[in-house]
Each structure stands twice: as C-alpha cells, then as structure tokens.
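> Residue numbers (numbering that gives the first Met the number 0), protein chains in the order written: chain Y, 0 to 381; chain C, 0 to 381; chain X, 0 to 381; chain W, 0 to 381.
Hints are not guaranteed to be accurate.
To be verified - Reference listing, derived: stretches of chain C covered by chain X, where coverage requires no fewer than 3 residues with Cβ under 8 Å from a Cβ of chain X: (1) 16 to 24; (2) 269 to 281; (3) 320 to 331.
As the list claims (entries may be wrong) - Pairs of lysine to any residue, SDA-like flavour, derived with a Cα cap of 25 Å: (4) K43(W) - G176(W); (5) K43(W) - G28(Y); (6) K231(C) - S157(Y); (7) K43(C) - G28(X).
Derived by calculation from the structure, the hints in this document are not laboratory data.
Using N, Cα and C, we set each Cβ at its ideal position, and we do this for glycine too.
Take a look at the letters that make up each chain.
4 protein chains.
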Amino acid sequence: MDKLRYAMVGGGRESFIGGVHRKAMALDGQMEMVAGALSSSPEKAIASGRDLGLVDDRNHGCWQDLLEDELRRPASERIDFVSIVTPNHMHYPVAKAFVGAGINVVCDKPLVHTSEQARDLISAQEKSGAVFAVTYNYTGYPLVRHARHMVRTGQLGSIRKVIVEYNQGWLSSLLEGTGQKQADWRTDPARSGIAGCIGDIGSHAENLAATITGLKIESLCADLTTFVPGRKLDDDGNLLLRYTGGARGILISSQISIGCENDLRIRIYGSQGSLTWHQEEPNRLLHAPIDGPPRLFTRSCPWLCAAANKATRLPSGHPEAFFEAFANIYTGVAEVILARRERRALTELEGDFPTLLDGATGVRFIEQTVASAQSTEKWTSF
Amino acid sequence: MDKLRYAMVGGGRESFIGGVHRKAMALDGQMEMVAGALSSSPEKAIASGRDLGLVDDRNHGCWQDLLEDELRRPASERIDFVSIVTPNHMHYPVAKAFVGAGINVVCDKPLVHTSEQARDLISAQEKSGAVFAVTYNYTGYPLVRHARHMVRTGQLGSIRKVIVEYNQGWLSSLLEGTGQKQADWRTDPARSGIAGCIGDIGSHAENLAATITGLKIESLCADLTTFVPGRKLDDDGNLLLRYTGGARGILISSQISIGCENDLRIRIYGSQGSLTWHQEEPNRLLHAPIDGPPRLFTRSCPWLCAAANKATRLPSGHPEAFFEAFANIYTGVAEVILARRERRALTELEGDFPTLLDGATGVRFIEQTVASAQSTEKWTSF
Amino acid sequence: MDKLRYAMVGGGRESFIGGVHRKAMALDGQMEMVAGALSSSPEKAIASGRDLGLVDDRNHGCWQDLLEDELRRPASERIDFVSIVTPNHMHYPVAKAFVGAGINVVCDKPLVHTSEQARDLISAQEKSGAVFAVTYNYTGYPLVRHARHMVRTGQLGSIRKVIVEYNQGWLSSLLEGTGQKQADWRTDPARSGIAGCIGDIGSHAENLAATITGLKIESLCADLTTFVPGRKLDDDGNLLLRYTGGARGILISSQISIGCENDLRIRIYGSQGSLTWHQEEPNRLLHAPIDGPPRLFTRSCPWLCAAANKATRLPSGHPEAFFEAFANIYTGVAEVILARRERRALTELEGDFPTLLDGATGVRFIEQTVASAQSTEKWTSF
Amino acid sequence: MDKLRYAMVGGGRESFIGGVHRKAMALDGQMEMVAGALSSSPEKAIASGRDLGLVDDRNHGCWQDLLEDELRRPASERIDFVSIVTPNHMHYPVAKAFVGAGINVVCDKPLVHTSEQARDLISAQEKSGAVFAVTYNYTGYPLVRHARHMVRTGQLGSIRKVIVEYNQGWLSSLLEGTGQKQADWRTDPARSGIAGCIGDIGSHAENLAATITGLKIESLCADLTTFVPGRKLDDDGNLLLRYTGGARGILISSQISIGCENDLRIRIYGSQGSLTWHQEEPNRLLHAPIDGPPRLFTRSCPWLCAAANKATRLPSGHPEAFFEAFANIYTGVAEVILARRERRALTELEGDFPTLLDGATGVRFIEQTVASAQSTEKWTSF
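With the sequences and hints as input, model every part of the structure.
Rendered as structure tokens:
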C-alpha cells in the first residue's frame with residue numbers, strides 16, 4: 000500500500016503538539032510527511048523542516064508558499080492532506096485557504112476564534128467537498144468509543160446527568176512570565192482567543208461529553224476566574240449545563256489545580272446505569288448497571304463493541320495511551336481519503352473522527368461560556 | 000469513671016440512624032442509654048425501648064413525657080444529654096424544649112426547617128447555656144481533621160477552589176413508592192423540609208467544605224432537579240459557589256447517580272498545593288504540594304496533627320470507618336460535659352464537634368439553594 | 000435482652016489488643032465486662048481494672064484468682080465467657096484452666112506454642128464441652144465471608160492457586176531495642192514462641208486462605224529470614240505451598256516491608272474465575288469470572304450471600320472496618336452461648352467463628368514452617 | 000538525519016509481536032524497514048513483505064537469503080540492524096548467523112534455548128563486535144528507569160526483598176487446542192523450549208528485578224505446575240529466590256490467573272524505603288521512604304532522573320505506554336549504531352538497553368528453574 004502523504008503547518012522547533020501529531024501519524028507506518036511550513040518564522044520553518052528530513056523544494060518558509068507549491072504539483076505528487084498544528088489564531092486563515100483549494104484538512108482544536116469563522120469554514124468545505132477533521136484527540140480512545148456505543152445503544156437508559164472535568168495544575172503560577180512557550184501563547188488573547196482554560200481544555204471536555212452522549216447543550220451558566228495575578232485570560236472555569244431533553248451537566252475545567260496533570264474524566268448517569276472514564280487510566284471503563292455489581296471493561300477485552308476493537312493495537316493488559324488515541328483520529332481521516340481514492344463507500348466503522356461541525360460546536364461553546372460568565376442572567380442559551 | 004447517661008428521642012424499630020448513634024456511643028464504653036422516647040408512635044416507642052433494655056419508668060411513649068420525667072429527677076440520676084435522631088421536622092420542637100430546659104443536646108442534621116427556627120434555637124441555647132452539637136458526622140474522620148489542620152496552618156497557601164461532591168444512587172427509581180421507610184420520609188416535604196437531596200446530603204457536603212476550609216459562602220447559583228417521575232422533592236442538585244475572599248466552589252449532590260453508594264468526596268486547591276479525600280476510603284488523604292510529588296497520608300501514620308491522632312483508635316493499616324467518625328463527635332460533646340462537671344477549662348483539642356452555628360449555616364444553605372434554584376438571577380447572596 | 004457478661008485476662012494498661020477486643024464487644028451493646036485479671040503484674044492488673052470500671056471484688060491481680068472467684072459465684076452472676084488477650088505464652092495455661100473448668104473461652108492467636116499444647120486444649124474442650132473461639136479476626140469481614148461462599152458454592156470452579164500476603168513495615172528497624180512494648184514481646188522467643196513474623200501475622204494469612212478456600216496444606220517450603228541485626232526471631236517469611244488436591248499456594252509475610260501498614264491480601268484463582276480482597280480496603284471484593292468483565296462487590300450491596308449480609312451493620316458506602324470484623328467473631332460466640340442457654344439449635348448462619356481446630360492448624364503451620372526453614376529438603380509435609 | 004534501515008526476520012501475517020516491533024520503531028520516525036524474511040513459510044514471507052511495502056529484491060522467502068543479500072550490498076545500502084522476532088527456537092540460528100556476519104542484532108526474548116547457545120552467541124558477538132540487544136521491553140518504561148536510579152543511588156538503603164510477579168489468565172483453558180497461533184507455539188516444547196509460562200513471562204519478571212536492583216540470584220527454589228489438562232509445558236511457576244548479599248525474592252508467574260491481563264508488577268524493599276511499580280499503570284511509581292509518607296512519582300514529573308526523562312515523549316498526565324517503552328529499547332540501539340557511525344563515544348545516557356548478557360542470564364534462569372522444579376533439594380545454585 001502506498002503511504003498517505005501529508006504536509007504540516009506549524010509544529011516546528013519548540014512546538015509541543017506538532018511532534019505529537021507526527022508520532023501519531025508515524026505509528027502505523029501508513030503516513031509520510033512530504034512537505035511543510037513548520038513555523039510562522041521562515042527561518043525557523045526551514046530549519047525545522049530540515050531537522051525532519053523534508054526535501055528542500057517542499058520545505059517552505061510560510062504556509063502560503065506551501066499551498067501554492069502543492070497546487071502546482073501533479074496529483075500524483077500532491078499531499079493527501081494538510082495537518083494544521085499552529086497556535087489557535089492561525090487555524091482560520093490556513094484552514095480556509097487549504098479547504099477552499101480542495102485539500103483535505105486536519106486541524107487542531109479549538110477550531111477558530113468565532114462562530115462566524117466556523118460558519119465560513121463550513122461553507123468553504125461544503126463547496127470544495129474536502130475532508131475536514133478536528134483533532135479532539137481524546138475521542139480516539141477505544142474505551143471512549145465503547146462508552147459512546149453503550150450510551151447510544153441504550154444500555155444506560157435515558158441519560159440524566161453528565162459530570163465532565165478537565166483539571167490541570169501547570170498554570171498555577173505565572174508561567175507565561177518565564178517565557179515558557181506553551182504558557183505564553185495559550186494565555187495570550189491575540190493567539191489563544193477570548194478564553195484561556197475554557198478554550199484550551201474546557202472545549203475538550205465539552206466535546207468528550209457530546210461525543211459519548213450525543214446530547215446538545217440547551218443553555219449554560221458559567222463562572223470563569225483568573226486566579227493568577229497578571230494573567231490575561233481565565234485559568235479556571237466551571238459550568239452548569241442544561242441539555243435538550245432535560246439532562247443536566249457539570250463541566251469543570253482548571254489549569255490551577257495543583258496535583259492534576261491531565262485529569263480529563265467523565266461520569267455519565269442514566270436511568271439504567273452509569274459510566275466512569277478517566278483519561279489518565281484510559282484502558283479502563285467502569286460500568287455500573289442498576290441491577291448488578293459494577294463491571295470493569297478493559298481495552299481489548301472480549302466484551303467491547305466493534306468500534307472500540309477497531310481502535311486498538313495490542314492485547315488487553317498491554318497498555319495503549321495518548322499517541323494511539325491520536326493516531327486513531329488520523330486513521331479515520333485516512334479511511335475517507337482512501338475510500339474516495341478507491342471510489343468506494345465507507346464501511347460503517349470507517350471515518351470515525353470529529354468533524355468541522357464538532358469544531359464549530361466547540362467554538363460556540365467557548366463564545367457562550369464567555370458570554371454567560373459576563374452575564375447576570377442565570378442561563379445563557381446555547 | 001462513671002459513664003455518661005443519655006436519652007434518645009427517635010431511633011426506634013425500623014429507624015436506621017438511631018442504631019448508628021447508639022453503636023457509636025457504645026464503642027468506647029463511656030456512654031450508656033438510660034432513657035428514651037424512641038418513636039412518634041407511643042406503642043412503637045415503648046416496644047423499642049424494651050428491645051434496648053430501658054427500664055420501664057424511663058421508657059416513654061413521647062418526648063414530652065421523657066423531658067418532664069428527666070426534669071423531675073435529681074441531678075444524680077438525670078441524663079447528661081439527649082440525642083435527637085427523629086426525622087427532620089421533629090428536630091425543632093424537641094431540641095427547643097430540651098435546650099430550653101438546660102439539657103445538653105446532640106441533634107441530627109439538617110438541624111431544622113428554617114433559619115428562623117435555627118435563630119430561635121440559638122437564642123434558647125444562649126439563655127440556658129446547654130451544650131448543643133449537630134451530628135455532621137463526616138467531620139469526625141481523623142483525616143478530615145488533618146485536612147482542616149493543613150488548610151488552617153497555611154500548608155496549601157491561599158485557597159482558590161473547592162470541589163465537593165456527595166453522590167448516591169439509591170433513589171434512582173421511585174423507592175418511596177414501595178413503602179421503604181428511609182425513602183418515604185426523606186422525599187416527603189412535610190417531614191424532610193423544602194429540599195430533598197440537597198438537604199439530606201448536599202448539606203453534609205456544604206459542612207464538610209466549611210469545616211475543612213473555614214471559607215464562608217458569599218453567593219451561590221443552584222440547579223435543582225427532580226429526575227424520578229412522581230417524586231416530590233429534588234433528587235439532584237448542583238451548585239456554583241463563590242466564597243468570601245474570592246475562592247470558587249462546585250458542590251455536586253445527587254441521589255440518582257447509579258453506582259455511587261455514599262460517595263462524599265472533596266478536593267481543595269490552594270496556591271501552594273491541594274488535598275483530596277474520599278469518605279469511602281476514609282483512611283487516606285492525598286496531598287499534592289506545588290513543589291514535590293503527591294504524598295499519601297494514612298490514618299495513624301506518624302505525620303498527622305494532634306487532632307487527627309486524638310481521633311483515632313487503631314494503628315495505621317487497621318482500618319477505621321463510619322462508626323468511629325460518628326463516635327468522635329460524641330467524644331467531643333462528652334469532653335465539654337465532663338469539663339463542666341469538673342469545673343475545668345477545655346484543653347485545646349477537646350470539644351471538637353459541629354455546633355449549633357454550623358447547623359444554622361446548613362439550614363441557611365438549604366434555603367438559599369432552593370431560592371437560587373427558583374431564581375433567574377445568576378447569583379443568590381448567602 | 001440481658002447482656003452477656005465476660006471477664007478479660009490480659010489487656011490492661013499499655014496493651015494494644017485488649018482495648019480492641021473491648022471496643023469490639025461494646026459495639027453492639029450486647030456484652031459487658033464484669034470481671035478481669037488484666038495484667039501479669041498484680042498492681043497493674045488492679046489499676047487497669049479500676050480504669051475500666053470493674054468493681055473491686057471482681058477485679059483480680061491474677062488469672063488464678065479470677066477463675067477461683069468465678070467458680071465460686073452462682074450461675075446467675077458468673078461470666079458467660081472469658082476473653083484471653085495476653086501475650087502468646089500465657090494462652091495455654093489460662094485457656095486450659097478456664098476451658099477445663101467449663102468456662103467458655105475466646106482466645107487470641109496464635110493459639111499456643113506447640114501442637115502438643117493444642118491437642119491438650121482440644122482434649123480439655125472435648126471433656127468440658129465449653130465453647131472455644133480463636134480470634135482470627137480477619138475472617139469476620141463480610142466480604143471474606145462472601146468470598147468463602149463463592150468458593151464453597153463452586154463459583155470459581157476448582158481452585159488452582161492462592162496467593163496470600165501479609166506485609167508490614169513497622170519492624171524494619173530494631174524497634175524492640177527502644178522498649179516499645181508491642182515490639183518487645185513479639186520479638187522475644189520466650190513470650191512469642193519459635194516464630195516472629197510468621198507466627199504473628201503469617202498465621203493470619205494461613206488462616207485467611209484456609210477459611211475462604213477450605214484447602215488443606217499438604218506440604219510446604221519455607222524461607223525465613225531475620226533482616227534486622229540484633230533481632231531474635233524471623234522478621235520475614237515466604238512459603239511455597241502445595242495443597243491436597245493439587246492447588247498451589249504462595250504465602251508472603253513480612254514485618255520489614257517499609258510502606259506496608261497492615262497489608263493482608265489474598266488472591267484466589269480457580270478454573271472458572273478469581274477473587275481479590277485486601278484488608279485495608281475491606282469493603283470491596285473483586286470477582287473476575289472467566290466469561291465476563293471483572294465485577295466489584297461492595298459490602299451491603301444487594302448481591303451478597305446471607306452470611307455476608309448478617310455480618311454487616313451499615314448500608315453500602317458507609318464503610319465498616321476492623322472493629323466490626325472483630326465484633327463479628329464475638330457475635331458468633333454469643334450466638335452459641337445464647338442458643339445453649341435457650342436450649343435451642345443454632346440456625347445455619349449462627350456460630351460463625353474460628354474454632355480451636357483452626358487455632359491448632361495455625362500452631363502446626365508455625366511449627367512446620369520453622370521446620371521447613373531449617374531443612375534442606377524442598378518439601379516438608381504438613 | 001538519515002533514518003536507520005532495518006530488516007526483520009519473522010513477524011509476518013498472523014504474528015503478534017512483529018507488528019509491535021514495527022510500530023515501536025516507526026513511532027519516532029527514525030527507522031525504516033527496508034528488507035525482511037518475514038515468515039518461515041516462503042510464501043507467507045513474501046506476501047507479508049508485500050503487505051508492508053518491501054521492494055521485491057529485498058523481500059525474501061527465508062532468512063538465509065536475506066543475510067546473503069545484505070552481505071552482497073554496499074555499506075551505503077546495507078541494513079543497520081536486523082530485528083529477530085521469530086518463535087523462540089529460531090532465535091539461535093538466525094542471531095548467530097547475523098551477529099557472526101557482523102550485522103547488529105535486536106532479538107526477542109527468551110534469547111535461546113540453552114546456556115550453551117547463549118555462550119556461543121556471546122563468543123560470536125565478541126568476535127564480530129556487532130551490537131546485540133534483547134528486547135526485554137519492560138525495562139524501557141521511564142519509571143522503571145527511575146526505579147533503577149533510585150535503587151542504584153542508594154535511596155532505598157540496602158535491598159532486602161523483591162517481590163516480582165507476572166500474572167496472566169489467557170491460558171486458563173486449552174487455547175492451543177483451538178489452533179490459536181500465539182498459544183500454539185508458546186506451549187510447544189519444540190518451539191518454545193523447556194519451559195512454558197516461566198520462559199515466556201517469568202523471564203521478563205526475572206529481568207525486570209535484575210535490571211532495577213542489579214541483584215544476582217545465588218540460588219532458587221521453584222515449583223512449576225501444569226494446571227490445564229493436555230498442556231505440554233508449565234502454565235504456572237513460583238519461586239523463592241536468594242540473592243547474593245542476602246536479599247530474598249519471590250517470583251510469581253502464571254498464565255492461568257483468570258482476571259489478570261498482563262499483570263507484571265514489582266515491589267522492592269530496602270532498609271530505607273520501598274518501591275512499587277505495575278506495568279498496567281506504567282506512568283506511576285510509588286516510593287515509600289522510611290521517614291515520611293509514600294510519594295507518587297509520575298512520568299514526566301519534575302522529580303525524575305535524567306534516564307527517565309530521556310525515555311519520555313509527552314508531558315505528565317498524557318499517558319505513554321507499551322509501544323513507547325518498546326521504542327525506547329530501539330532508541331538505545333540506534334544511539335550505539337549512530338555513535339559508531341560518527342566515531343564518537345556514547346554519552347552516559349545513551350545505549351540503555353538489555354544486552355546479550357542479560358539475555359544469557361534469562362536463559363540460565365529458565366534452565367535452573369526447570370532443574371529446581373525437578374529437584375528434591377530445596378535450593379538450586381544459579
């Protein structure tokens with residue numbers, strides 16, 4: 000099989016997430032980076048591309064050059080997709096240009112800064128028909144997929160309550176004041192957008208709950224706080240949620256919760272049972288039915304749904320983790336690209352990844368959370 | 000040493016909590032039940048007293064008779080305190096009569112139905128000078144006391160955030176429809192008050208957070224829900240809290256969370272570290288300092304404060320649990336009674352129990368939570 | 000109901016285990032200490048009895064006086080049983096005298112120093128017919144009883160393997176050199192017997208495995224070590240076990256395992272499933288069936304056997320612990336005494352406690368372990 | 000940087016471990032498979048190579064052809080190393096041929112069937128000077144490396160006791176009777192060697208303990224059992240160990256322990272503290288010092304040694320797992336190959352992988368375990 004060819008925008012030296020995407024794509028040996036514009040600084044972009052073995056004529060100083068060059072190339076050479084891993088503020092122009100040109104896009108989250116931009120991307124995508132995925136990577140975990148299966152097939156009865164949390168502690172002091180690159184851009188409104196913590200990680204929590212349950216937020220009530228003096232954006236945000244149909248939610252997110260590393264977790268309560276999952280122990284899913292003792296599902300155990308099994312690479316007890324979940328998002332994208340290439344329909348399990356619509360919902364979530372935080376009204380409609 | 004003599008009001012046959020109080024008081028061999036009015040039904044009261052070995056002339060059909068009889072007896076025979084373990088609606092009249100008569104009171108929670116009643120009890124207690132304790136039993140756990148010590152001595156820095164939860168699942172269906180006694184009165188507004196879940200267990204969560212942190216709620220925003228059709232009171236309640244001084248809180252309580260048994264837990268985040276404690280594993284307290292790996296404190300380990308050590312009966316690894324915590328509340332009450340008898344001052348560690356003021360705060364919490372739940376304003380002042 | 004009356008031998012000031020037994024007996028309000036000889040030092044015995052409220056004419060300076068006095072009293076005043084909580088070397092003479100005199104005995108473990116002594120006690124008990132229990136207290140935990148039920152009813156298939164461990168760290172340095180009373184006698188061959196760690200706690204592990212599985216040791220292979228210089232007895236002991244019928248076992252015990260508090264745990268593997276239980280989290284039992292995901296049983300959950308339910312006092316999630324398990328042993332003894340008094344047969348669930356035969360097996364286990372440790376043969380017959 | 004080129008022997012269609020090795024090597028984008036002889040069946044070998052994109056002239060039907068072809072090629076084309084992932088019985092001839100020809104080797108474990116073969120490989124390697132690594136992959140986990148660091152720098156004091164376990168349940172019935180490929184060869188003496196469970200996974204446990212502690216086994220006492228009727232090799236093995244210097248060990252391994260997936264875990268007790276690590280939660284390491292509460296180290300936390308930090312790819316809380324640990328072994332091999340190519344010395348942290356000597360120790364362990372199991376002597380010298 001030929002490997003899929005991709006270009007990367009962003010993700011050069013000093014980037015954290017670029018390397019994660021690349022390793023995730025490398026894992027299964029099915030994708031190859033052939034081009035890139037790896038930094039907003041042309042010098043750094045070129046140097047980063049050399050580090051990574053890009054040939055000179057596909058190693059660009061800016062994303063515009065990359066796009067132009069790709070469009071010039073024959074289909075046989077052209078990239079199959081672009082992976083956009085820049086700071087948030089660059090997602091919109093880059094994604095719009097590529098998707099507008101008909102090139103398949105994988106874009107990091109949060110998608111863009113405003114719902115208007117999101118709608119604009121949706122229009123562009125509808126016109127060009129390109130594939131567009133948003134890397135809400137936590138949805139790639141096999142047991143998240145099994146949780147989704149259990150909820151969607153009614154095994155919890157009707158969903159009553161969701162508690163979703165994303166707790167971190169790394170911004171409990173003014174780390175951005177030290178020049179640390181990750182802290183720097185994530186706390187800067189110009190690059191990160193109108194929200195800090197709630198955009199950076201709260202949006203993952205929102206998406207995780209939506210992915211598993213399928214519930215739509217009807218209204219929300221938010222309290223955003225900036226605890227660390229000198230910080231420009233919120234570093235803690237907590238919400239009450241009301242879902243269409245009557246379910247209730249609590250969304251907790253924080254970057255000042257000392258002792259928490261990457262503590263994304265979710266609990267889902269229905270009329271017939273509950274589920275508990277924790278990203279830091281991703282190979283386990285606890286199911287408590289109303290009529291029996293709690294049961295522990297583990298990744299690759301013989302009692303999982305097909306979507307969970309498809310998303311796993313190792314036997315049970317041989318732990319998989321973050322990279323594999325990330326890779327699963329890309330696998331879904333690859334399946335669509337290959338099916339199109341082969342002019343065949345997707346099978347039921349193929350193409351399992353977060354879409355532009357999920358990304359747009361995430362942007363709306365951030366906007367309405369910030370609006371609610373500034374409102375004296377209890378409930379802000381979604 | 001002579002044992003302390005007590006009477007019990009409520010707690011007869013079919014009661015759950017009466018037996019818990021009695022066992023807690025029996026554990027250390029320092030207290031003896033000598034009188035009682037153990038049920039609102041005179042027949043059941045008398046029968047229950049006989050079950051428990053009360054002599055006939057101190058086994059009463061109603062609490063008024065009990066009180067009258069006690070006041071008639073010489074001090075050498077009279078009870079040292081009364082333990083009130085009736086359903087909520089009886090707390091007020093019984094407590095008022097006993098405390099008004101100068102008899103020491105231990106009363107279950109929530110204290111009373113209204114803040115007005117609470118103020119009335121406070122007046123009565125100020126006049127008579129009787130001891131008055133409220134059995135927020137979870138504050139009796141040794142590691143809760145160590146958590147309080149760590150917060151109060153600044154080991155977490157300034158407190159930024161509290162997440163306190165009390166999740167149960169036992170009311171996830173209409174159990175009161177089956178005649179189950181516990182469900183029956185707890186979901187009946189006439190006996191339980193204006194709140195269901197939030198009064199029954201949310202108030203424990205409120206008190207636990209207040210006991211450990213000393214923080215005062217400034218305003219709150221509540222969402223109360225009744226999920227089970229046919230139920231008369233809330234069975235799920237979630238709040239955003241703002242504390243005086245700027246700390247934030249989330250309080251989650253539920254009786255429809257299937258898979259949760261008695262899942263009271265608290266996380267406290269300060270500028271220098273965090274604490275995590277879970278009632279179902281009460282012998283452990285996790286402390287994450289900002290500048291080192293998380294550390295696990297266990298009950299009776301050599302690194303606890305004096306108040307925690309005083310509240311323990313066994314070496315580490317020999318687990319203690321619910322009864323012992325409950326007993327510790329009574330121990331604190333006994334210390335005050337004994338010190339008064341011996342006309343000596345309390346030592347620093349004596350008399351460690353929740354007071355009438357704590358009980359009054361709990362009543363206010365329930366009232367303002369219900370008010371907030373009915374309001375369209377985001378924040379309801381406390 | 001009249002309370003059962005008991006006397007205690009040993010358990011005075013500075014004793015650890017005496018107070019544990021007394022609190023356990025007090026918990027349910029059904030037993031009353033009316034006499035005692037609480038120390039081998041007459042002065043300390045008398046002082047201890049006064050501390051605990053014994054009346055002078057039943058507060059004795061030595062156990063011989065206690066026994067003589069009891070035998071002199073009319074049945075209506077006489078104790079229902081004696082609780083022997085001395086250091087090990089006194090178990091034999093005291094137990095023999097009381098059981099020989101027809102007084103019911105509850106004796107701490109390990110029972111005696113030699114199998115010959117054990118046989119002698121068995122003869123004495125057969126003659127007098129007195130009740131005799133040995134406080135292997137860990138068998139009193141409700142989930143141990145459910146584990147026993149599951150094994151005995153075949154839910155694990157045929158048992159293949161048992162891993163039982165009892166790890167402690169408190170003797171990792173020469174604590175007995177500091178005069179600490181518990182360390183002092185437990186490491187002294189004259190009072191503790193031929194074994195240290197393996198007698199003190201290894202025997203609990205042996206009994207726990209035997210109680211749950213019913214398996215008989217056929218042969219064993221032991222490695223005993225004294226790690227701490229200056230210590231007179233083993234402080235670490237590990238065994239391979241072969242059970243009659245082909246099952247295999249590993250028994251690990253240690254008092255030099257730093258970080259372990261009272262880490263008694265057992266895993267049982269059968270042809271159809273496995274069980275895992277840990278004394279420090281005693282309210283949970285994990286069952287892994289061969290044909291489904293692991294299931295978590297909790298104390299008081301609706302899926303336990305009658306013997307487990309009978310041994311519990313609180314709803315699930317309200318943790319019970321060490322004292323309650325201890326109390327359950329005494330409850331079983333009380334049931335036999337009461338049934339005899341009432342001249343009725345025991346019900347199926349009554350009288351559930353470790354017997355003299357269990358105690359004798361434990362003595363044999365210690366003897367053969369020490370023999371094996373000194374042998375160059377691989378297997379020592381049991 | 001040019002990628003390292005490798006060939007694979009074994010690991011074709013239906014193989015489990017071949018794909019694991021390939022993904023591990025792919026993860027960091029530094030290695031490329033350019034040749035192979037992927038099965039003992041020439042047809043399957045060729046088909047498998049095509050699946051994986053090997054060009055025809057480097058896709059061989061047998062390993063002899065592969066070797067011959069490589070030796071014919073100029074250095075600029077030749078593989079940098081061969082990865083041998085066949086069933087055990089093929090390790091020896093293949094490894095000997097390649098290492099004899101001066102080609103660097105990475106070979107799966109257990110290394111070979113006999114100590115004689117191991118010595119032969121060592122001779123061959125000493126002659127040719129080729130790099131030779133054995134994929135005891137569990138030593139690649141960052142927290143295993145930190146555990147090693149803590150022991151080796153004396154943070155636990157002198158090591159007294161090691162408990163190492165490797166429990167699995169997948170062979171609790173006669174799976175090899177169903178034709179399952181993994182079960183088939185692993186239970187076949189012709190391909191697996193003289194041992195089943197103890198060779199397949201017990202040897203990992205042995206190596207893990209040795210890697211962390213550096214302790215040498217002086218003598219051992221083994222009990223091997225075949226529980227499943229019809230099985231040809233042991234499926235359960237338990238050992239007492241005596242280490243040079245006086246430390247004691249227990250090694251438990253099993254493939255009939257239902258409920259255990261890949262339950263490799265180790266506890267190490269020294270005179271100053273202990274460590275606990277569990278492969279199924281590999282991102283955590285518990286350290287209990289003698290003079291403070293237990294502390295939890297997590298991967299990528301700021302308190303780890305350089306070797307652990309070097310072996311990690313993600314920030315703390317973003318879990319890493321099995322593939323990354325495997326990849327770390329290959330990284331160490333790559334460092335040596337690159338340093339040789341660049342004619343420079345290794346830095347202190349480079350070249351961190353299990354060697355031929357570790358592999359030979361593992362073979363000796365299997366031999367002596369089987370010898371002990373057949374002996375009536377208690378201790379078999381190592």
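> Report holds or violated for chain X covering the region 16 to 24 of chain C, Cβ cut-off 8 Å, minimum 3 residues.
holds (count 4)
> K43(W) and G28(Y): Cα distance at most 25 Å?
holds, 20 Å
> How does the coverage statement for the region 320 to 331 of chain C fare against chain X, requiring three or more residues with Cβ below 8 Å from a Cβ of that chain?
holds (count 4)
> Please verify whether K43(W) and G176(W) have alpha carbons no more than 25 Å apart.
holds, 23 Å
> Measure nothing beyond the straight line between the CA atoms of K231(C) and S157(Y); if it is 25 Å or shorter, mark the hint as holding.
Satisfied, since the Cα-Cα distance of roughly 20 Å is no more than 25 Å.
> Sort out whether G28(X) lies within 25 Å of K43(C), counting only the CA atoms.
Holds - the C-alpha atoms of G28(X) and K43(C) are around 20 Å apart, at most 25 Å.
> Counting residues of the region 269 to 281 of chain C with a beta carbon closer than 8 Å to any beta carbon of chain X, are there 3 or more?
holds (count 4)
In the structure shown, no violation is registered for any of the earlier numbered hints.
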